[in-house]
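2 protein chains.
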Amino acid sequence: MTSCISIENSIEEYLQKIATKNKRIRRHKMLIYGQIEQVREAVKAWKKEGKSVGFVPTMGYLHEGHKSLIDAARRENDKVVVSIFVNPMQFGPAEDLDSYPRDLNRDAKLCEDAGVDIIFHPEPEEMYADGFCSYVDMNGLTTELCGKTRPIHFRGVQTVVLKLFHIVTPDRAYFGQKDAQQLAVIKRMVKDLNVDTEIIGCPIIREEDGLAKSSRNTYLSEDERQAALVLSRSLKIGKQLVEDGEKSAKAIKDAITAEINKEPLARIDYVDVVDFETITPVDEIKGTTLVAIAVYIGKTRLIDNFIA
Amino acid sequence: MTSCISIENSIEEYLQKIATKNKRIRRHKMLIYGQIEQVREAVKAWKKEGKSVGFVPTMGYLHEGHKSLIDAARRENDKVVVSIFVNPMQFGPAEDLDSYPRDLNRDAKLCEDAGVDIIFHPEPEEMYADGFCSYVDMNGLTTELCGKTRPIHFRGVQTVVLKLFHIVTPDRAYFGQKDAQQLAVIKRMVKDLNVDTEIIGCPIIREEDGLAKSSRNTYLSEDERQAALVLSRSLKIGKQLVEDGEKSAKAIKDAITAEINKEPLARIDYVDVVDFETITPVDEIKGTTLVAIAVYIGKTRLIDNFIA
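Protein sequence lines, in the order shown, are assigned to chains A and B.
Mapping to full-length UniProt numbering: the first sequence position 161 is 161, numbers consecutive.
Mapping to full-length UniProt numbering: the second sequence position 147 is 147, numbers consecutive.
In case anyone wonders, no lab produced these hints; they're calculated from the structure.
Among the hints, erroneous ones may be present.
If chains are identical, the list can't say which one is meant, so a pair holds when it fits in one copy or spans any two.
Said to hold, decoys possible - Here are the simulated BS3-like cross-link-like pairs (lysine-lysine), alpha carbons at most 25 Å apart as the crow flies:
| # | residue 1 | residue 2 |
| --- | --- | --- |
| 1 | 247 | 286 |
| 2 | 250 | 29 |
| 3 | 109 | 67 |
| 4 | 187 | 262 |
| 5 | 148 | 250 |
Note that the structure is a prediction, hence the values are computed from the model and not measured.
Build out the structure end to end from the sequences listed, making use of the hints.
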């Protein structure tokens, strides 16, 4: 039986070798850059070779939501750049800039496994040099929903995203539909300012129990984590109403609000029904309509939505 | 003598032929495009061939000031694009949008003679489609000088220039130093937003009698044209003071103001001394300082400046 074992071993070894080799082939060399010029140079070299570039801008602490964006970018482009930058300009003075979760090592592993070519991870000083004073903003789209309680948020988002677009010059950029207003704002900005990048919105990724994936879920205590299910549960009720033919925005909002109010740990920031393109309130479901909510669970503000 | 004349003629003919041939070689096919996509496609084809692109954004009614920008672009780049677009977004409600002079045929001839490859001449609807609401602006640089009486002007300039940069993707863009504040604003915007275009400022071009070239000079009556010389004359006095060692901004402003006030048809909008990079007022000439004036001659508002 010795020979037999020996053969088994050698086959195993052979398979191992093949697997390792394949892994090596798949496991390309991902680079992490902190300097704008490094990214620019790398992308210019790719473009000279005619390669297409997909881009996923993030604030890091990556989860499966981000991974779904990276996977889409990986499928549709020759090269993939992910930026990891907790952008000070989009946080209000009383918001969670300092406590926002960060874990570059874990993020880097997720990106490498997902086939990312470059992580751009700049320091704030690299992005906002001395004397910085420019911004991008819009009249409309940014005043409703999250814009009500986060008045400078979207200015910061637009500015940093346009800066990143100028650095990465992507053919396609990927944004999660969880931040639905952000997606609408970026689409509008790109159209208005003639940015030559296709904006691709990707579906919300949820935990098994329905909670939308978010880096901020990490703030939740065990009780709050349970209470947070009220967001997806209430939206499910709203969605069912729409599917049953309900057209009245008020009826849908009332049903969602009633469900959220049953949860003692929840405090509503907004429950709104808006046109998905213009982010202006509508009375009736018509065309592409966004039903969006923001709810404080304890001190943590969570958002969720569906498209009707 | 007949043969001699004949020889002379043939030499002349020969020279003529050479000249015509050279002219033909120089006289390439200039294209005038009205659609964003046409410009994008042409520039992309150039870039694939590794050609560099110089860009001169204008509002048309071109004069030798513009030509000096085009000439610089022609010298330093493989291809040259000139945009001719009277941008509604940078005019205030009481300003001269409707009466701003326009002459596309004359402009096209000047551009063709100067070796321009593409004129981009869009309609306002092409640049500002339905639902347009985005803008680029900055905190600082835009509040002093022309910003005081033209509060929305620089927002309009920044927005249209960034749009044009996204369409033309120039390696270098050329701006006249006559619009010194505009030049400073565009330089700041490009730096802040990481636009991959080099901004090149070019010297003021003047009429023989000293008046800075401007499309708006066409508004002046004969008397006003004469009175308008007070701008360059007063700045010359200011410049002489600086050259003689005067450091006090107040002394320089006072001397310029006194000279302008001698001219009955002139009414001062501003006489200011500012840091050329930050466009903030300074008390002393130090570093690169901008001495800038805006003066109404009758109803026509003219600007001029020098760098101290």
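Cross-check of the supplied hints:
1. Taking identical chains as interchangeable, the C-alpha atoms of residue 247 and residue 286 lie at most 25 Å apart only when both belong to the same chain, with a minimum of 8 Å there against 67 Å between chains.
2. For a Cα distance limit of 25 Å, the shortest separation of residue 250 from residue 29 qualifies neither inside one copy, at 53 Å, nor across copies, at 61 Å.
3. In this assembly of identical chains, the alpha carbons of residue 109 and residue 67 lie at most 25 Å apart only when taken from the same copy (11 Å versus 55 Å across copies).
4. In this homomeric assembly, residue 187 and residue 262 never come within 25 Å of each other (Cα to Cα): the closest approach is 36 Å inside a single copy and 55 Å across copies.
5. In this assembly of identical chains, the alpha carbons of residue 148 and residue 250 lie at most 25 Å apart only when taken from the same copy (19 Å versus 46 Å across copies).
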